[in-house]
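Using the hints provided, position chain B relative to the given structure of chain A.
Those protein sequence lines, which keep their order, are chains A and B.
Position 88 of the first sequence, counting from 1, maps to 88 under the working numbering, and the rest follow consecutively.
Heads up: take any position in the second sequence, counting from 1, add 119, and you land on the working numbering.
These are calculated hints, taken from the structure and not from any lab test.
It is possible that some hints are incorrect.
Pairs of lysine to any residue, SDA-like flavour, derived with a Cα cap of 25 Å [unchecked claim]:
1. A/Lys-22 <-> B/Gln-569
2. B/Lys-548 <-> A/Lys-75
3. A/Lys-5 <-> B/Met-237
4. A/Lys-22 <-> B/Ala-591
5. B/Lys-566 <-> A/Asn-20
6. A/Lys-46 <-> B/Asp-588
7. B/Lys-566 <-> B/Ile-303
8. B/Lys-545 <-> A/Thr-83
9. B/Lys-163 <-> A/Ala-8
10. A/Lys-75 <-> B/Pro-463
11. A/Lys-5 <-> B/Asp-371
12. B/Lys-548 <-> A/Pro-50
13. B/Lys-163 <-> A/Leu-7
14. A/Lys-5 <-> B/Leu-368
Simulated restraints on C-beta separations [said to hold, decoys possible]:
15. B/Arg-240 <-> A/Trp-78: 33 to 43 Å
16. B/Val-589 <-> A/Trp-78: 46 to 56 Å
17. B/Asp-476 <-> A/Ala-59: 32 to 42 Å
18. B/Ala-630 <-> A/Asn-82: 51 to 61 Å
19. B/Asn-622 <-> A/Asp-56: 57 to 67 Å
20. A/Asn-82 <-> B/Leu-375: 32 to 42 Å
21. B/Asp-593 <-> A/Ala-60: 14 to 24 Å
22. B/Gln-599 <-> A/Ala-60: 12 to 22 Å
23. A/Asp-88 <-> B/Glu-547: 18 to 28 Å
24. A/Asp-56 <-> B/Pro-592: 53 to 63 Å
25. A/Trp-78 <-> B/Gly-424: 41 to 51 Å
26. B/Val-153 <-> A/Leu-4: 19 to 29 Å
27. A/Pro-109 <-> B/Ala-283: 30 to 40 Å
28. B/Asp-476 <-> A/Pro-109: 54 to 64 Å
Please read all numbers here as calculations on a predicted model, not as lab measurements.
Every residue, glycine too, gets a C-beta built ideally from N, C-alpha and C.
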Amino acid sequence: MTMLKTLAPYEFKSRDAVENYKGRQLLYVNWERHRMFSRPFVLAMKPETPFSAVVDEMAACFSYHPDWQHIDWDKAIWQNGNTPFTPDRNKTLAENGIGHKDLIRFQTPGLDGIAGTGY
Amino acid sequence: MDMKASKKLGLKERYALMTRDLAWNTTYQPMDKVFPQTTYEGIKIHDWDKWEDPFRLTMDAYWKYQSEKERKLYAILDGFNQNNGHLSVTDARYINVLKLFLGSTPPLELMAARGFSMMGRQMNGAGPRVACQMQAVDEYRHFQTQIHSISNYNKYYNGMDEFAHQQSRMWYLSDGKSFFDDAITAGPFEFMVAIGFAFEYVLTNILFVPFISGAAYNGDMAAMTVGFSAQSDEARHMTLGLECIKFMLEQDPDNLPIVQRWIDKWTWRGTRKLAAVGMMMDYMLPKRIMSFKEAWEMYVEENGGALFKDLARYGITIPKCFGQTIEEKEHVSHQSWIGFYMKPGATPFHTWIPTPDEMDWLSEKYPNTFDKYYRPVLEFFDAQEKAGNRFDNKTAPMNCQVCVSTMKFNEPGDPMEMCFRESIYKGEKFHTCSDHCKEIFDNEPEKYIQTFISSHQVLQGNCEPEGVDVNAPDFQPGKQILDYWKLDKRALGDFNGSEDQKNFAAWREQATKN
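Chain B with its partners taken away, still in its complex shape:
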């Protein structure tokens, strides 16, 4: 008998078999009971097979690409670490960027992995299910590689070891935590708009490009390589987010107002989340790539603007907050840095006043605002520090009920005034930082009345290290907050005079002299 070898399947066929062919319609239970999440948000889908898979990625191809990237990444990390790469960064202030990044980003990558795993279960189309599952694996990989690339610094510098403990407790990490908690507790389609579209597509460049280029500019090969290794995944994620938006809009005209509201909401929430990235670019990178304002213009105004033009044919309009973000790009990085500078006893990274030539750079990059509003106060802080009276605002902050940022933003049109908005729900006042956060609150107050605001929780006696009796007559809430946060005391305070500063100088000296 003749043996007839069957032809090897093509990529497209293998993909079709893996997705469509492995999916089936349930019979013991109706499909809408098995997949209840895809209908309750009000999004109408008539034909899941219309989902165009942006990347027809099969498991074997995925494994092959990712393992190649991993091998390269870890080879470079090893080389960097073995050659004391940490001493080749521009100056020790740079390491504080890594501390901020470590606390704020990898835990959110993990949340994204959780979110996309949920999407991989909740979506009832096989195409999106597979794509979401792949993205979940990517996000998990980013979470791990970011931590691995920074772990070598943890051997030498203070303040990095408790980032996982601090994620859900520290005041300044609450904005990012709230961002993902909000997204992950929404339905699957809102999650896709929030993370897949607004964050990955509209805003992610402003986080990753400055981080990767910033790392490269400042001699940090480890972080740079991690960034490059993640970038090709990001391209896939962006495409998935955009595909999901188009799919919803093409399926039913009733979906448009819902999708538009989510785009408005999540573009704003993302903008608030990225205020800290602005200060990283303008103040924390010893060698700067571009100003936050320039990055905003390039990545959000130009690229984001073009994207919304493309979506106009579906009836999508530019997010409501766009105008305000353009006004704020000249302010937020300065306002954020002042907010952190004044809390030297409450973050695991150091802050400092820019040197005179760095201030000149800021004047040049922010001709409309830096000299007029921010230089005088920074020079005042500098003089005070030199006189032994370094600013330390020991009070606890007021936060926005929605974005959980501290209430530090100005009234639109008036940089000298603070912006406050207020809503009353069931007789209780709720404060927000902007018209956009107020609108988000008013749309779904039931959700945001549960917000975890660190300073409030401290005052309720909920943020105490183990063993503290909150019912003792002499109990003072928050007295041991540093222990509750597990904050390394060596990591506190101004950069000037810090152990990091001294060690870095001494080690570099050893490396270059006898």
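If we strip away everything but chain A, and leave its shape as in the complex, we get:
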């Protein structure tokens, strides 16, 4: 329950409500145990975008890391937030069950960053 106390009615819209993105939605992507990238990155994409477009964006950013070329894509583990899921690259974000402000967490077992530091 909210603990907010105010002198007058206090109702404001979410600044990041999905309707503010003109048909697109926010998506965050994190490569787990590769903290060289400091934090997840954010994209704004239409829900009908194929998931392969997300993978392209991942490659553009993450390929700077020497681990990127060693990824065994069959062994990659994906989570949407804390829920495991298996994305289909050829299906859309919506078909993959990805909604506004979802966080994709991507794990690559056996690859733990530079010298195994998590970076």
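Below, chain B without anything else, positioned relative to chain A:
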């Protein structure tokens, strides 16, 4: 007729006349309508006259002390500037500390001045009203003197001239802006806990001591003098914050849980705000005073711990986040520096990889964490830079909905994992960086759903320079973000190869050789 000269009033009497005697109870309107802010937060005050003024400062005494300090300060600034003092700093990397400080601190001093001016109106006790008004004047003075002390550097080095424009726009300044926006939009008592107590008392030393000593150690007399000139004000501010806490707790036992929640909240928000100070101490000062970890131990764990012991008699307990801040002191400065290092195209100050002996210093100061987690990646970056492949992460960040830091902190207990927390409010997801920020969000979601997150605003098309048509079919949000930020392109990139680096070397050479 005999003339009888009246006796000159003592300081205490003058103070009493200025405060209590100039205040009155309103009759046309009830007092609680004139001062509605002091009741709506739930804090119960029964007797405003019980407020003990920590400093019985009268206007004439205040003016006298402050003008003396000003005269000294500006005399030293003049001397420093006329003697090309900027060339006497340890090395040109130091100037980036000033750029970071200029963007992040004076604008917040101004916000503090605004906040305390509001307190000076909203409090319905004459004692706190006068004290808050004095503090507002102090904060305004700090805002000005900090800018004045750095302005001379602006003549010679890049990236300083648009700090005021950048304050409410730049991604990395959003955490500080959000900190003060949150405080100033709270009620007066929460503001006093936030700024007067958590920030001024518990955390301010960790900003000012490293900044002042750092300036002194690195030959910057201008910034050092500003710091000393502000320090005596800070002592007064700390006392005011503490007095306010005690006053609330003594007035009514129902105030305790409210005050405790604010202490928990604001100690954490302050801790997040100070992550960048850690990287300033450990990475940006060419000559280091102490590590961030050591400073945290001295100023927060020891001094802050003792303070909370004192407050235990009122029922106050150590802030919930204390344990996590102790764990994080070994990590945040490194995590922050990596976060900035990887964005050479998005800050008005330079970053760099520490030299080998600086890395050794870090190993020595952080025996549990530096070699294990951070040295290998920094050495990797170094090798890449030397091979002409300097790291530049062009993506936009995910930020915490509450503290607006980028989501760069580790899961407690596991430095290799990122920490993510999530709340759902009215069907929408909101992400936070920690249990403490999540709790702050969940307590008052109506407030934090309005957070300004720079990367999101860019994607909404709200961060464009004038003249860009956001409805054009080929519009790409954020393409001209550097112009929107008014970021001086000479100030971007690695320190190595920067114009600042070259100029500083050339000018210093001129000063020492024919």
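For each hint, the structure was consulted:
1. Distance restraint check for A/Lys-22 and B/Gln-569: the Cα-Cα separation of roughly 18 Å lies within the 25 Å cut-off, and the hinted pair is therefore satisfied.
2. Taking the CA atoms of B/Lys-548 and A/Lys-75, the gap is near 29 Å; set against the 25 Å cutoff, the hint is violated.
3. This hinted pair checks out: A/Lys-5 and B/Met-237 have alpha carbons roughly 18 Å apart, not beyond 25 Å.
4. Restraint check for A/Lys-22 and B/Ala-591: satisfied, since their Cα atoms lie roughly 13 Å apart, inside the 25 Å limit.
5. Of the pairs offered as hints, the one joining B/Lys-566 and A/Asn-20 holds, with about 18 Å between alpha carbons and a cut-off of 25 Å not exceeded.
6. Taking the CA atoms of A/Lys-46 and B/Asp-588, the gap is near 21 Å; set against the 25 Å cutoff, the hint holds.
7. A threshold of 25 Å between alpha carbons decides the hint, and for B/Lys-566 with B/Ile-303 the separation of about 12 Å falls inside it, so the pair holds.
8. Of the pairs offered as hints, the one joining B/Lys-545 and A/Thr-83 holds, with about 21 Å between alpha carbons and a cut-off of 25 Å not exceeded.
9. Of the pairs offered as hints, the one joining B/Lys-163 and A/Ala-8 holds, with about 19 Å between alpha carbons and a cut-off of 25 Å not exceeded.
10. With a CA separation close to 34 Å, the supplied pair A/Lys-75 and B/Pro-463 exceeds the 25 Å bound.
11. With a C-alpha separation of about 19 Å, the suggested pair A/Lys-5 and B/Asp-371 falls inside the 25 Å cut-off, and the hint holds.
12. Restraint check: the Cα-Cα separation between B/Lys-548 and A/Pro-50 comes to about 22 Å, which is no more than 25 Å; the hinted pair holds.
13. With a C-alpha separation of about 16 Å, the suggested pair B/Lys-163 and A/Leu-7 falls inside the 25 Å cut-off, and the hint holds.
14. This hinted pair checks out: A/Lys-5 and B/Leu-368 have alpha carbons roughly 19 Å apart, not beyond 25 Å.
15. About 54 Å separates the C-beta atoms of B/Arg-240 and A/Trp-78, a value inconsistent with the hinted range of 33 to 43 Å.
16. Roughly 34 Å separates the CB atoms of B/Val-589 and A/Trp-78, a value that falls outside the hinted 46 to 56 Å.
17. Here the CB-CB span from B/Asp-476 to A/Ala-59 is close to 37 Å, well matched to the stated 32 to 42 Å.
18. At roughly 60 Å, the beta carbons of B/Ala-630 and A/Asn-82 sit within the given window of 51 to 61 Å.
19. Checking the proposed 57 to 67 Å range against B/Asn-622 and A/Asp-56 shows it is violated: the Cβ atoms sit about 41 Å from each other.
20. Taking 32 to 42 Å as the suggested C-beta distance range, the pair A/Asn-82 and B/Leu-375 conforms, at roughly 36 Å.
21. At about 20 Å, the beta-carbon gap between B/Asp-593 and A/Ala-60 stays in the expected band of 14 to 24 Å.
22. Look at B/Gln-599 against A/Ala-60: about 20 Å separates their beta carbons, and that is inside 12 to 22 Å.
23. Take A/Asp-88 and B/Glu-547: their Cβ atoms lie about 26 Å apart, and the range 18 to 28 Å holds.
24. Remark: the range hint 53 to 63 Å for A/Asp-56 to B/Pro-592 is contradicted by a beta-carbon distance near 22 Å.
25. About 43 Å separates the C-beta atoms of A/Trp-78 and B/Gly-424, a value consistent with the hinted range of 41 to 51 Å.
26. Evaluation of the 19 to 29 Å hint for B/Val-153 and A/Leu-4 yields a pass: the beta carbon distance comes to about 24 Å.
27. Take A/Pro-109 and B/Ala-283: their Cβ atoms lie about 49 Å apart, and the range 30 to 40 Å is violated.
28. The supplied range of 54 to 64 Å is broken by B/Asp-476 and A/Pro-109, whose beta-carbon atoms lie about 37 Å from each other.
In terms of the numbered hints stated before, the structure departs from hints 2, 10, 15, 16, 19, 24, 27 and 28, listed from lowest to highest.
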